[in-house]
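Got two chains here, separate frames each, mind docking them using the hints?
Going line by line, the protein sequences match chains P and L.
Residue 116 in the working numbering is what sits at position 55 of the first sequence, and the numbering runs on without skipping anything.
Residue 570 in the working numbering is what sits at position 244 of the second sequence, and the numbering runs on without skipping anything.
A couple of the hints might just be wrong.
[Claimed, not checked] Only part of the chain L face toward chain P is listed, based on derived beta-carbon distances under 10 Å:
#1 P359
#2 I508
#3 G510
#4 T512
#5 W526
Calculated directly from the structure, the hints in this document are not laboratory data.
From the three backbone atoms N, C-alpha and C, an ideal C-beta is built for every residue, glycine too.
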Amino acid sequence: MAQIALNHVSKAFNNGSIVAVNDLSLEIEDEEFLVLVGPSGCGKSTTLRMIAGLEDPTGGDISIGTTRVNNLEPRERDIAMVFQNYALYPHMNVRENIGFGLRLSTDLSDADIEERVEDVASLLEIGELLDKKPKSLSGGQQQRVALGRAIVRDPEAFLFDEPLSNLDAKLRKQMRTEISRIQEQLGVTSIYVTHDQEEAMTMGDRIAVMNDGTLQQIGEPNEVYNHPANQFVAGFIGSPSMNTVEAEAVRRDGQTVLESVTSDAFTYDLDATGDTNADLPIEVGDRVTVGVRPEDVVLRAEAAAFEGQHHTTTVDVVEPLGSDNLLYFDVGSRTWTARVSPGFEPESGTSVHFSFPRKALYIFDEEGTTVESRNLADPAEARQVTHGDGGDGVVNT
Amino acid sequence: MSKSTASSGLPGPVRRYGPYAFLGVVAIWTLLPLFWMAISSLKIRRSMFEFPPTIFFDPTLQYYVDMFMGSNPVTPFLINSIIVALGTAVLSVSLGTVGGYGLSRLDLRGKKHLAFWIISTRMAPIVVVVIPLFYLYSYLNLLNTHLGLIIAHTTFNLPFAIWLMRSFFDEVPEALEEAARIDGATKWEAFRKVSLPLVWPGMGATAIIAIVFSWNDFIFALIFTSNATQTMPIAASQLVTQTGTLWGRVMATGVVILLPMVTFGVIVKRHLVSGLTMGAVKE
Chain P
62 MAQIALNHVS
72 KAFNNGSIVA
82 VNDLSLEIED
92 EEFLVLVGPS
102 GCGKSTTLRM
112 IAGLEDPTGG
122 DISIGTTRVN
132 NLEPRERDIA
142 MVFQNYALYP
152 HMNVRENIGF
162 GLRLSTDLSD
172 ADIEERVEDV
182 ASLLEIGELL
192 DKKPKSLSGG
202 QQQRVALGRA
212 IVRDPEAFLF
222 DEPLSNLDAK
232 LRKQMRTEIS
242 RIQEQLGVTS
252 IYVTHDQEEA
262 MTMGDRIAVM
272 NDGTLQQIGE
282 PNEVYNHPAN
292 QFVAGFIGSP
302 SMNTVEAEAV
312 RRDGQTVLES
322 VTSDAFTYDL
332 DATGDTNADL
342 PIEVGDRVTV
352 GVRPEDVVLR
362 AEAAAFEGQH
372 HTTTVDVVEP
382 LGSDNLLYFD
392 VGSRTWTARV
402 SPGFEPESGT
412 SVHFSFPRKA
422 LYIFDEEGTT
432 VESRNLADPA
442 EARQVTHGDG
452 GDGVVNT
Chain L
327 MSKSTASSGL
337 PGPVRRYGPY
347 AFLGVVAIWT
357 LLPLFWMAIS
367 SLKIRRSMFE
377 FPPTIFFDPT
387 LQYYVDMFMG
397 SNPVTPFLIN
407 SIIVALGTAV
417 LSVSLGTVGG
427 YGLSRLDLRG
437 KKHLAFWIIS
447 TRMAPIVVVV
457 IPLFYLYSYL
467 NLLNTHLGLI
477 IAHTTFNLPF
487 AIWLMRSFFD
497 EVPEALEEAA
507 RIDGATKWEA
517 FRKVSLPLVW
527 PGMGATAIIA
537 IVFSWNDFIF
547 ALIFTSNATQ
557 TMPIAASQLV
567 TQTGTLWGRV
577 MATGVVILLP
587 MVTFGVIVKR
597 HLVSGLTMGA
607 VKE
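Chain L on its own, in the form it takes in the complex (with noise of 0.2 Å):
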């Protein structure tokens, strides 16, 4: 310990505890205010406003109840996002696939500018594009579509998408592939045989970074959306009436639109740290 101490010029226990109290303080920071919404929507009204905030109460499951079977209901909404989110998932991971394959294999002039030009397109806010794709869907008939948000996701989300596949296809030996040629498979085959199972962790990042966009986008849902296509975003901000905020079923949709990314995230984490390329090719 003395050892490290001189080396680092910090004493031991700063040098021991320190990332752990560092990490404790991000972890309040991130964690409490949804540590709050959670216990705020089983709260009945009165208390969720008492001060100093009391931590034993009767918990109410009743905004939950309300949520479903109540005016109003937050299903149509849920199922919306579901279907967009996929959609979106979806149609971002096979794209990116074949646009990020490409641009790590193919030897082509201008690959950098070509790839910078992809990411570029993510650098405009969103709000620049709103208005003239509005217009766009309007023509296009793609307005208050599941369709149309899907694409309006999928723009956005594909050059991360694109980039993020690259990066993973550039981890996989391109010696795999040729011996999967020489071996007797096709080009395709290659790709769908040896190259495609290795690329497994990132289909799922960037199937995870989609979803997320998706599920938790706001203005393109609010802007190409009317009743039908409307998502959990929406029903949330919905609950700001004239009479008032409904604060408690806020909260309650707040928690129901974060649990099944908190889940999701968990579920994937693991296979996200695997090995990528499984100790293909020793170097």
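Chain P extracted, bound-state conformation (with noise of 0.2 Å):
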């Protein structure tokens, strides 16, 4: 087993005129579980073949264990890799896609690999196919294949490519719980690359999230969900995606409100609970995105219900998910959603009234870097409050 450094690792494609990855630095414990994340073509991908091996990075360092590894070949990297089309080699049955790497680069016996090729089929489950060809399997059953591929190499790292993207949802699932428990249990190094934010979230002790070629930010899944480093981290991770209105800061009647900029009179009050957050680094006159998580907007049928400050709104659609309902409603011409108690189902076009707490609020200033994330100890504690309960902000930069 070993840690995975990755320095000011950049990749150029076409001369350089597309920046696949900019001057990434990452490093991976060793028997970590990193999840990158990023939507298509954030190069997420590449920076998980520059690893393998399979692209040469233009500018940087990658070393596995104490070894840089940028001359070597992928074979010499003593990793192993699943791809997101499971790359099983046709012509061959289970047994051999599975011992075809230790074939090629161990010196075992016909007997030990075999041996060593059912311990792994029997770990995955795979028992009785292993005299199947790779053509006759289902998708999760080649998956698992695909699996027990890298696994029976016991490599230095696993690198996984998107490996559930051809499943079905309830089998991905299903093989995110495995690949975790496998993962565990034999405490190998990995990396895994996901466009999926929830993969990322269940699966990651750490997530990087990635976008344009640049690492926006890495952390425990919770920190990043919590404190986002900026607005694209915040709309990325998190479903459904944080509500955000953009928004001014004025000054009346001696309080700081946040004002949206579009038609809608959308404001809010920072000072109305008193309890003013001095380091806030805000001043009259700043443009900042004020963004709020669905699960901490609190909506309620009569006014009456809240105590501080709240906003009328017409409900748009109701997406009834049976645990909670997903209520969609427009703030300051965005579409807002809220996830609320499955109790509360109001009709579309209805009249509602909604506020968040303090302690909810996001912030980003214009660059879109986060000014202050939300600071509620338990999510749930969202629905329990109904009026603005000021708190001290975080400061996240």
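Written out as structure tokens, the structure reads:
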């Protein structure tokens, strides 16, 4: 097992006209499960391929363990990779597929190879498939074989390139748990690439969010969720996405008020609770973006239910999910989402009232950098708070 | 049925039997001359030219016996044809596979132009290059050798072979080779153990094209060979003599030329049609 380090790694294509990865530095601890997440084309797969040795970085160093691997062939790096399309060898049966790497890279006898293949097959519950060709397997079974091919070699690190994206939703969740379980059991350093923020949140010890070839933030899932470094991370992590509205800080009656810049008269009085955060680096006249997580939005049918400031809106669509309902409504020409309890299901077109606690507020400056992120010890806290309850804003830049 | 008639605007029976009728006409068009050749090779000379032709007659194998046992037997020609055809196939498939792989996988600047240049060499008619090649061959002492004919045939087959093999390699996902390289294979091993087995059908198809070309070639064989290395088409042409055409042997020779190709075609047809990457990748 080994740690993996990327030191100012860059990758440009077409003589530098396309920069896929830009000055990326990352350290993956021994036995850690790191998820690289980001939208398509953000450079996450290219990063993984550079670690695998399938692409050469145009700048920077990559090391696995204590060895700098920039000039090593993929086979010399002692890593295993699971591909999005599985990349099983179609002319070999499952047994040969799993044993292929051992035959090439070790001096093990046929009997030893056979034994290890059988062991891995039973770990993945594909023992009865060993003599079948990949073509005759289902997607989930092919996925297991691909996993087996990686595990059997007992490598320094596992690299996963969107391994679950070709599976249906149910199987994906099942395999997600299974991959996490196996990784924990084997304790192999793993890098997992996905565009699915839910996979990232549930699987990673830490997640690294990338966009446009640049690392946006790296941290534990809850930390990234609660304290995103910028507006991109805030919008990307979390489903449904964070609600945002562009606003301007103004002074009104001696209070600092965030006022929506669009026609809709959305305002949020930062000082209403009397608990002003003096450190909040917002000047009057600053353009900011206000963000609230869907689960932090409090919706009530009656305005009287709120003690403090609240707003009135019209329900657009209600999506019942069983465990809770998603309500869509417009705020400052943006569509907002609220996650509410399943009992609250107003007709679309009805007038409702919403608010959110001061502590749930995210504020991003004009560059999108987080000025303040939410400070709720327990996300459920939001639901109990029906009015803006002041608190110390956490400044996270 | 009424629904489908409405949608296509054709009456039901035409839609249903039309394709068969069309294919039947094509089949007769293609097969009748071959059938004629085959039965003529079994007729004595007199009945060969009877009109109306007889369908029932006493077959004779005399021409076939003559062909192998009589004067100027066809056996050496047959052996030459086999040597040249196999040599051409081996050379075309090996070079075509390597070239096609390169064209498919390498990230070359101007790859399109290179590919077009390769196929453009095939655009000149054979007669244009025969004379210059003759002079070159005479300097290189390649006239009247099997190797000379194999090289000439390969030159003309190779552009097709490269293009064909390139399209077969294009079908093999690169991820398979990448997986192999991570699994511990060198680039060469990834090519040999993963990609190559998957383009087997392509190599078969390329071999057929090479063999058919070489087996049927007349011009190169006529110009570049003499007694020791002449092939079957030359043997057939020599039956047109100053004293008359030996029609029976012409027909029998035709059958002998045709038979190996037909047998070969039937055998490999099944392999050619079978799936190429065999479900390698779930897209």
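Query raised in the report: Taking 10 Å as the limit, does the beta-carbon of I508(L) come near enough to a beta-carbon in chain P?
Result: holds (5 Å)
Report task. Hold the hint about T512(L) up to the distance rule: shortest CB distance to chain P must be less than 10 Å. Result -> Since chain P brings a Cβ to about 7 Å from T512(L), closer than 10 Å, the hint holds.
Report task. Could you check if G510(L) really has its C-beta closer than 10 Å to a C-beta on chain P? Result -> holds (3 Å)
Query - Hint validity - W526(L) Cβ closer than 10 Å to any chain P Cβ - result: Holds, because the Cβ-Cβ distance from W526(L) to chain P comes to roughly 8 Å (cut-off 10 Å).
Query raised in the report: Holds or violated: P359(L) as interface residue toward chain P, Cβ cutoff 10 Å?
Result: Constraint on P359(L) not satisfied, violated at 41 Å.
Hint 1 from the earlier list is the only one contradicted by this structure; the remaining hints agree with it.
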